[in-house]
Amino acid sequence: MSSTPVTTFWRVAGMSYLQYINKTAGTMRSVLKEPAKTRAMAQEAYGYNAAVWEAGKQGPKLPVANIQQAGK
Amino acid sequence: MLSRTASSFFRRSATRCMSTEAATAVKLNFCLPQETLYKGASVHSVILPGMGGEYGITANHVPYVSQLKPGVVKILHEEGSADPEKYFVAGGYALTHPDSTTDVICPEAVKLDDIDPSEVAKKYDAARTKFSSAAAGSIEQAEAQIEMEITKEMGMAIGVSLN
Chain A
1 MSSTPVTTFW RVAGMSYLQY INKTAGTMRS VLKEPAKTRA MAQEAYGYNA AVWEAGKQGP
61 KLPVANIQQA GK
Chain B
73 MLSRTASSFF RRSATRCMST EAATAVKLNF CLPQETLYKG ASVHSVILPG MGGEYGITAN
133 HVPYVSQLKP GVVKILHEEG SADPEKYFVA GGYALTHPDS TTDVICPEAV KLDDIDPSEV
193 AKKYDAARTK FSSAAAGSIE QAEAQIEMEI TKEMGMAIGV SLN
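Which chain is which? The protein sequence lines are A and B, in order. The opening residue of the first sequence carries number 1 in my numbering; numbering runs sequentially from there. The opening residue of the second sequence carries number 73 in my numbering; numbering runs sequentially from there.
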């Protein structure tokens with residue numbers, strides 16, 4: 001039996017298809033000209049909102065700077 | 073008795089799958105998660121960058137499913153178009169149905185004019201450095217290889233040779 005892998009190099013390295021395709025799309029977006037680049041980079045932007053529950057009632061949903069801040 | 077039922081079942085489902093008249097054009101659905109580029113557009117043919125190689129779909133093509141590699145999707149709206157509409161896609165899937173409807177689903181697609189040649193060359197060189205300095209079989213090396221592959225394909229699409 002040969003030791004050559006029978007699947008793609010990214011699967012051998014431990015990536016899933018989603019991680020692979022998001023990496024290709026992200027690389028593609030980073031080499032575009034303006035204004036296409038700004039429009040495309042918006043697809044990669046993400047943020048978190050958090051709401052604190054008190055006495056069975058949900059407080060307002062407010063944006064958090066990063067996921068570490070969400071628990072505070 | 074059982075074989076007669078089975079064969080009539082297959083005959084009926086085959087009739088359902090085959091359309092009664094031949095399609096005259098490819099109905100193209102080309103979408104990204106964030107926008108739909110074409111929905112039900114009648115085109116003459118589409119040339120797609122399949123994983124197994126570039127292939128073209130015209131009306132009445134055999135049903136086909138293919139994963140796409142990063143490359144150029146060319147849409148010929150009319151027969152013998154000298155100037156097909158080109159989009160560079162980052163990958164995805166293309167499905168051709170028995171009635172010549174073709175679905176092309178990609179995470180990102182841009183016109184070739186929107187690609188910056190100097191950025192592509194810079195990214196390729198940076199990725200090649202990362203690839204040679206990363207540990208063999210690591211995620212960093214795989215990511216660098218992905219970057220190299222797609223920037224090389226983008227370079228080929230816009231006429232910049234990278235190696």
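One or more of the hints may lead you astray.
[Said to hold, decoys possible] With a cut-off of at most 27 Å between alpha-carbon atoms, the simulated DSS-like pairs for lysine-lysine come out as follows:
{"id": "1", "chain 1": "A", "residue 1": "Lys33", "chain 2": "B", "residue 2": "Lys183"}
{"id": "2", "chain 1": "B", "residue 1": "Lys141", "chain 2": "A", "residue 2": "Lys23"}
{"id": "3", "chain 1": "A", "residue 1": "Lys33", "chain 2": "B", "residue 2": "Lys99"}
{"id": "4", "chain 1": "A", "residue 1": "Lys61", "chain 2": "B", "residue 2": "Lys111"}
{"id": "5", "chain 1": "B", "residue 1": "Lys146", "chain 2": "A", "residue 2": "Lys37"}
{"id": "6", "chain 1": "A", "residue 1": "Lys37", "chain 2": "B", "residue 2": "Lys202"}
{"id": "7", "chain 1": "B", "residue 1": "Lys158", "chain 2": "A", "residue 2": "Lys23"}
{"id": "8", "chain 1": "B", "residue 1": "Lys99", "chain 2": "B", "residue 2": "Lys141"}
{"id": "9", "chain 1": "B", "residue 1": "Lys202", "chain 2": "A", "residue 2": "Lys23"}
{"id": "10", "chain 1": "B", "residue 1": "Lys141", "chain 2": "B", "residue 2": "Lys183"}
{"id": "11", "chain 1": "A", "residue 1": "Lys61", "chain 2": "B", "residue 2": "Lys183"}
{"id": "12", "chain 1": "A", "residue 1": "Lys37", "chain 2": "B", "residue 2": "Lys194"}
{"id": "13", "chain 1": "B", "residue 1": "Lys194", "chain 2": "A", "residue 2": "Lys33"}
{"id": "14", "chain 1": "B", "residue 1": "Lys141", "chain 2": "A", "residue 2": "Lys57"}
{"id": "15", "chain 1": "B", "residue 1": "Lys158", "chain 2": "B", "residue 2": "Lys146"}
{"id": "16", "chain 1": "B", "residue 1": "Lys224", "chain 2": "A", "residue 2": "Lys33"}
{"id": "17", "chain 1": "A", "residue 1": "Lys61", "chain 2": "B", "residue 2": "Lys146"}
{"id": "18", "chain 1": "B", "residue 1": "Lys202", "chain 2": "A", "residue 2": "Lys33"}
{"id": "19", "chain 1": "A", "residue 1": "Lys23", "chain 2": "B", "residue 2": "Lys224"}
{"id": "20", "chain 1": "A", "residue 1": "Lys37", "chain 2": "B", "residue 2": "Lys111"}
{"id": "21", "chain 1": "B", "residue 1": "Lys146", "chain 2": "A", "residue 2": "Lys23"}
{"id": "22", "chain 1": "B", "residue 1": "Lys202", "chain 2": "A", "residue 2": "Lys57"}
{"id": "23", "chain 1": "A", "residue 1": "Lys23", "chain 2": "B", "residue 2": "Lys99"}
Because the hints were derived from the structure by calculation, they are not lab data.
Comparing the hints with the structure gives:
1. Lys33/A with Lys183/B: Holds, at about 11 Å.
2. Lys141/B with Lys23/A: This hinted pair holds, its Cα atoms lying about 13 Å apart.
3. Lys33/A with Lys99/B: violated (31 Å)
4. Lys61/A with Lys111/B: Distance of about 37 Å is beyond 27 Å: violated.
5. Lys146/B with Lys37/A: holds (22 Å)
6. Lys37/A with Lys202/B: holds (23 Å)
7. Lys158/B with Lys23/A: holds (22 Å)
8. Lys99/B with Lys141/B: Holds: Lys99/B and Lys141/B sit about 22 Å apart, inside 27 Å.
9. Lys202/B with Lys23/A: holds (15 Å)
10. Lys141/B with Lys183/B: It holds: about 17 Å lies between the C-alpha atoms, which stays within 27 Å.
11. Lys61/A with Lys183/B: violated (39 Å)
12. Lys37/A with Lys194/B: Status holds; Cα separation ~16 Å.
13. Lys194/B with Lys33/A: holds (14 Å)
14. Lys141/B with Lys57/A: Given pair Lys141/B, Lys57/A is violated - Cα atoms ~49 Å apart, limit 27 Å.
15. Lys158/B with Lys146/B: holds (5 Å)
16. Lys224/B with Lys33/A: holds (17 Å)
17. Lys61/A with Lys146/B: violated (45 Å)
18. Lys202/B with Lys33/A: Distance of about 24 Å is within 27 Å: holds.
19. Lys23/A with Lys224/B: holds (15 Å)
20. Lys37/A with Lys111/B: holds (24 Å)
21. Lys146/B with Lys23/A: holds (23 Å)
22. Lys202/B with Lys57/A: Violated - the C-alpha atoms of Lys57/A and Lys202/B are around 51 Å apart, more than 27 Å.
23. Lys23/A with Lys99/B: violated (30 Å)
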